[in-house]
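There are 2 protein chains.
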Amino acid sequence: MKQLSSTKGEIAGMRAKLPITTFAVGLVLLVQGRAQTTEQIFPKGDLSAAKNHTGKIWLNELSEGDSTFDPSVAMATYDAGAKLDWHIHPGGQVLLITEGTGYYQERGKPVRIVHKGDVIKCAPGVEHWHGAAPNSGFAYIAVTPTQKGKTIWLEPVSEKDYESLKERSVRPNE
Amino acid sequence: MKQLSSTKGEIAGMRAKLPITTFAVGLVLLVQGRAQTTEQIFPKGDLSAAKNHTGKIWLNELSEGDSTFDPSVAMATYDAGAKLDWHIHPGGQVLLITEGTGYYQERGKPVRIVHKGDVIKCAPGVEHWHGAAPNSGFAYIAVTPTQKGKTIWLEPVSEKDYESLKERSVRPNE
Numbered sequence: 001m002k003q004l005s006s007t008k009g010e011i012a013g014m015r016a017k018l019p020i021t022t023f024a025v026g027l028v029l030l031v032q033g034r035a036q037t038t039e040q041i042f043p044k045g046d047l048s049a050a051k052n053h054t055g056k057i058w059l060n061e062l063s064e065g066d067s068t069f070d071p072s073v074a075m076a077t078y079d080a081g082a083k084l085d086w087h088i089h090p091g092g093q094v095l096l097i098t099e100g101t102g103y104y105q106e107r108g109k110p111v112r113i114v115h116k117g118d119v120i121k122c123a124p125g126v127e128h129w130h131g132a133a134p135n136s137g138f139a140y141i142a143v144t145p146t147q148k149g150k151t152i153w154l155e156p157v158s159e160k161d162y163e164s165l166k167e168r169s170v171r172p173n174e
Numbered sequence: 001m002k003q004l005s006s007t008k009g010e011i012a013g014m015r016a017k018l019p020i021t022t023f024a025v026g027l028v029l030l031v032q033g034r035a036q037t038t039e040q041i042f043p044k045g046d047l048s049a050a051k052n053h054t055g056k057i058w059l060n061e062l063s064e065g066d067s068t069f070d071p072s073v074a075m076a077t078y079d080a081g082a083k084l085d086w087h088i089h090p091g092g093q094v095l096l097i098t099e100g101t102g103y104y105q106e107r108g109k110p111v112r113i114v115h116k117g118d119v120i121k122c123a124p125g126v127e128h129w130h131g132a133a134p135n136s137g138f139a140y141i142a143v144t145p146t147q148k149g150k151t152i153w154l155e156p157v158s159e160k161d162y163e164s165l166k167e168r169s170v171r172p173n174e
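Quick note, the sequences are listed as chains D and S, same order.
Under the working numbering, the residues of the first sequence are numbered 1 to 174, in order.
Under the working numbering, the residues of the second sequence are numbered 1 to 174, in order.
Just so you know, these hints were derived from the structure itself, not from any lab.
Note that the structure is predicted; figures quoted are calculated from it, not measured.
There's no promise every hint is true.
Stated by the list, open to error - With a straight-line cut-off of 25 Å between C-alpha atoms, the simulated DSS-like cross-links for lysine-lysine are: (1) D/Lys56 to D/Lys160; (2) D/Lys109 to D/Lys150; (3) D/Lys44 to S/Lys121; (4) D/Lys166 to D/Lys109; (5) D/Lys121 to D/Lys166; (6) D/Lys148 to S/Lys148; (7) D/Lys166 to D/Lys56; (8) D/Lys148 to S/Lys121; (9) S/Lys51 to S/Lys148; (10) S/Lys44 to D/Lys121; (11) S/Lys150 to D/Lys148; (12) S/Lys148 to S/Lys121; (13) S/Lys109 to S/Lys121; (14) S/Lys121 to D/Lys150; (15) D/Lys150 to D/Lys121; (16) D/Lys109 to D/Lys160; (17) D/Lys109 to D/Lys121; (18) S/Lys150 to D/Lys121; (19) S/Lys148 to D/Lys150; (20) S/Lys121 to D/Lys121; (21) D/Lys44 to D/Lys150; (22) D/Lys160 to D/Lys51; (23) S/Lys160 to S/Lys56; (24) S/Lys121 to S/Lys150; (25) D/Lys51 to D/Lys150; (26) S/Lys166 to S/Lys109; (27) S/Lys150 to S/Lys56; (28) D/Lys121 to S/Lys148; (29) D/Lys121 to D/Lys44; (30) S/Lys150 to S/Lys44.
To be verified - Not the full set, but computed from the structure, chain S residues with beta-carbon under 8 Å of chain D: (31) Ile41; (32) Thr68; (33) Phe69; (34) Asp70; (35) Val73; (36) Gly92; (37) Leu96; (38) Thr98; (39) Lys116; (40) Val119.
Glycine included, each C-beta is placed from N, C-alpha and C at the ideal position.
Just chain D, with the same shape it has in the complex (with noise of 0.2 Å):
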């Protein structure tokens, strides 16, 4: 009997335990749908084998461009930290940021951190460099004009500026 008693126990217990677990696994699954990103739309595409970046970074060209239709459509997915050397796009560019937060700084101007829902327009010829922040993943869908010419890279983000610029990400919603 007291096996039983045990076993009546264990199910009683079970029983109470079962909504917990049953909204718990909900929200595990809320939680998967609210993380949907545009990388469940288009597919996160190809890791960057590029030296011009730091960390990983995966490339998905959604839309060539060439001479009949002028711009490049393309998905740039970055890990927490990783970062483009900084460089110029001849013809400009427009990143619609579609995941994480991140930072975008032109040259000589402070770094503006940027989030999910943000649209960023870099004008022709403007040195700058854009990245994930440290602790957050980063997304955006980038539309680049290529018949003016191709990127131009030139330094790596040195580490040291990149560090102090730490502080400030953990900043939400900024």
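Keeping the supplied structure of chain D fixed, place chain S upon it in accordance with the hints.
Chain S in isolation, oriented as in the chain D frame:
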């Protein structure tokens, strides 16, 4: 005692239903999460008052095109059944489908049923139309060069032609 035993029975019944209810609530929250669209990344924008479409279409100009940075980048969100008139982009257009199911048709070609995740490249000068399927909302980000001329609007898509497509649109993920 009858009252009490009835209450006990009700409580037992409620206990039995609680996991189901909790799961159902979790499922609803999950579906809401999954239903997240780019609309939650970028605002839906303003209801179009233009006369070049039937049905409700919302527009959000994310980045205007000009002589410095050519392509316009805009989000469009369609009610089920909303559709643009036939038209021509002198500089072409790329559509990144971010939500739902719609139609895309170039003059003289069969209609294409397009889905979230599809990328459509419409060459400069091609007569075409696009719109939502009758049973699905539809949204995209459009990249449209502006410096080769404004969109040329033609006649509406005939209701007869649109109605004839209805049968096809119910097939998911065609």
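Evaluated hints:
1. D/Lys56 to D/Lys160: Answer holds: lysine 56 of chain D to lysine 160 of chain D is near 19 Å, not above 25 Å.
2. D/Lys109 to D/Lys150: 24 Å, holds
3. D/Lys44 to S/Lys121: 20 Å, holds
4. D/Lys166 to D/Lys109: Holds, at roughly 17 Å.
5. D/Lys121 to D/Lys166: 24 Å, holds
6. D/Lys148 to S/Lys148: 15 Å, holds
7. D/Lys166 to D/Lys56: Roughly 18 Å between the alpha carbons, so the hint for lysine 166 of chain D and lysine 56 of chain D holds.
8. D/Lys148 to S/Lys121: 21 Å, holds
9. S/Lys51 to S/Lys148: Since the Cα atoms of lysine 51 of chain S and lysine 148 of chain S sit roughly 23 Å apart, the hinted pair holds (cutoff 25 Å).
10. S/Lys44 to D/Lys121: 20 Å, holds
11. S/Lys150 to D/Lys148: 21 Å, holds
12. S/Lys148 to S/Lys121: 16 Å, holds
13. S/Lys109 to S/Lys121: Satisfied, since the Cα-Cα distance of roughly 15 Å is no more than 25 Å.
14. S/Lys121 to D/Lys150: 21 Å, holds
15. D/Lys150 to D/Lys121: 17 Å, holds
16. D/Lys109 to D/Lys160: The given pair, whose Cα atoms are some 17 Å apart, holds under the 25 Å limit.
17. D/Lys109 to D/Lys121: Distance ~15 Å between lysine 109 of chain D and lysine 121 of chain D Cα, so the pair holds.
18. S/Lys150 to D/Lys121: The given pair, whose Cα atoms are some 21 Å apart, holds under the 25 Å limit.
19. S/Lys148 to D/Lys150: Holds, because 21 Å separates the two Cα atoms, which is no more than 25 Å.
20. S/Lys121 to D/Lys121: 23 Å, holds
21. D/Lys44 to D/Lys150: At roughly 23 Å apart (the allowed maximum being 25 Å), lysine 150 of chain D and lysine 44 of chain D satisfy the hint.
22. D/Lys160 to D/Lys51: Given pair lysine 160 of chain D, lysine 51 of chain D holds - Cα atoms ~19 Å apart, limit 25 Å.
23. S/Lys160 to S/Lys56: 19 Å, holds
24. S/Lys121 to S/Lys150: Holds, at about 17 Å.
25. D/Lys51 to D/Lys150: 16 Å, holds
26. S/Lys166 to S/Lys109: 17 Å, holds
27. S/Lys150 to S/Lys56: 22 Å, holds
28. D/Lys121 to S/Lys148: Measuring from Cα to Cα gives roughly 21 Å; hence the hint holds.
29. D/Lys121 to D/Lys44: Holds, because 23 Å separates the two Cα atoms, which is no more than 25 Å.
30. S/Lys150 to S/Lys44: 23 Å, holds
31. Ile41: 5 Å, holds
32. Thr68: Cβ of threonine 68 of chain S sits 6 Å from chain D, so the hint holds.
33. Phe69: 4 Å, holds
34. Asp70: Holds. Min distance 6 Å.
35. Val73: 5 Å, holds
36. Gly92: Holds. Min distance 4 Å.
37. Leu96: 6 Å, holds
38. Thr98: Interface hint status for threonine 98 of chain S: holds (5 Å vs cutoff 8 Å).
39. Lys116: Holds. Min distance 6 Å.
40. Val119: Holds, because the Cβ-Cβ distance from valine 119 of chain S to chain D comes to roughly 5 Å (cut-off 8 Å).
Hint compliance for this structure: no hint is broken.
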